Amino acid sequence: GAVVSQHPSWVICKSGTSVKIECRSLDFQATTMFWYRQFPKQSLMLMATSNEGSKATYEQGVEKDKFLINHASLTLSTLTVTSAHPEDSSFYICSARSWGTEYGPQHFGDGTRLSIL
Amino acid sequence: KQEVTQIPAALSVPEGENLVLNCSFTDSAIYNLQWFRQDPGKGLTSLLLIQSSQREQTSGRLNASLDKSSGRSTLYIAASQPGDSATYLCAVESGSARQLTFGSGTQLTVLP
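Order-wise, the sequence lines are chains Z and Y.
Under our numbering, the residue at position 16 of the first sequence is numbered 16, and the numbers go up by one with no gaps.
One gets our numbering by counting positions in the second sequence from 1 and adding 1000 to each.
It should be emphasised that the hints constitute simulated quantities derived from the structure, not laboratory data.
All values reported here derive from a predicted model rather than from experimental measurement.
It is possible that some hints are incorrect.
Here are some chain Y residues pointing at chain Z (derived, C-beta under 7 Å) [what the hints assert, rightly or not]:
1) Ser-1024
2) Gly-1043
3) Leu-1047
4) Leu-1049
5) Tyr-1076
6) Ser-1104
7) Gly-1105
Using N, Cα and C, we set each Cβ at its ideal position, and we do this for glycine too.
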C-alpha cells in the first residue's frame, strides 16, 4: 500500500518551454504533498508544501511564479515549471502524506528527471 | 534551522563486512528520523523510521539507532552485499510544519 506515482519519469525540452509534472497517490488520499528538488551529488531540498484545496507554501528562495503547484484533489498534485531554463534541470521528487494519518510518514514517488536544452 | 550531516560521504567495503553510517542533526526537537536508500537516478526507498521516543529499529540486516539528546543516529548494515550498493540518506522530521530535512547522503559501494 501507500504508492505514489510520478509522471513523467524523464523529460527533455527546449529552453522556454513549460513542463508539468504529476504526482498521484494511488491507493490513499493525501491532504498534503511535498515537492523536492535534487541536484547531482546533492541531497533533496524541499521546494514547497502543497495542501489540497489551498495555496502551496514555498520555501525561501523558491520562485512561486516559476514553480506553479496545484493540489486540486486528494490524490493529485502538479508542479509546473514555467519558461524552463537550463539551470532548472534537476531531479524533482514528490511525496505524499496519508489523509487520516496526518503525521504518518511521507511516501515518495520515483522522481522526474528534467533536462532543459 | 535544522541541519543534517552525514559521514562519510562515500564508503567502499568488501562484501561481507559489517558497516556503520553516521547521521547528525542540529536541533534535537524532532518527531522522527528516517533512513532511505536511493539508487542512481531513482526515487527513495524507506528503510527504517525511528520515532523520537524510540532508541532503535531493526529490519533484517539493518539496524538504526537514535540518540535524540546528542543529535545522532547510526545505520548498521550487517554482512554487506553488492546489492546494498546505493546512496543512503538520513532525514529528520521537525518544525511546526513537520518537514523532512535531508542529509547529503553516504554513497556506499560493496565490492564483490
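Structure-based check of each hint:
1. Ser-1024: Cβ of Ser-1024 of chain Y sits 14 Å from chain Z, so the hint is violated.
2. Gly-1043: Check passed: Cβ of Gly-1043 of chain Y comes within 4 Å of chain Z, closer than 7 Å.
3. Leu-1047: 12 Å, violated
4. Leu-1049: This hint holds: Leu-1049 of chain Y lies near chain Z, its Cβ roughly 6 Å from the closest one there, short of 7 Å.
5. Tyr-1076: 21 Å, violated
6. Ser-1104: 4 Å, holds
7. Gly-1105: 6 Å, holds
Consistency with the previously given hints fails for numbers 1, 3 and 5, ordered from lowest to highest.
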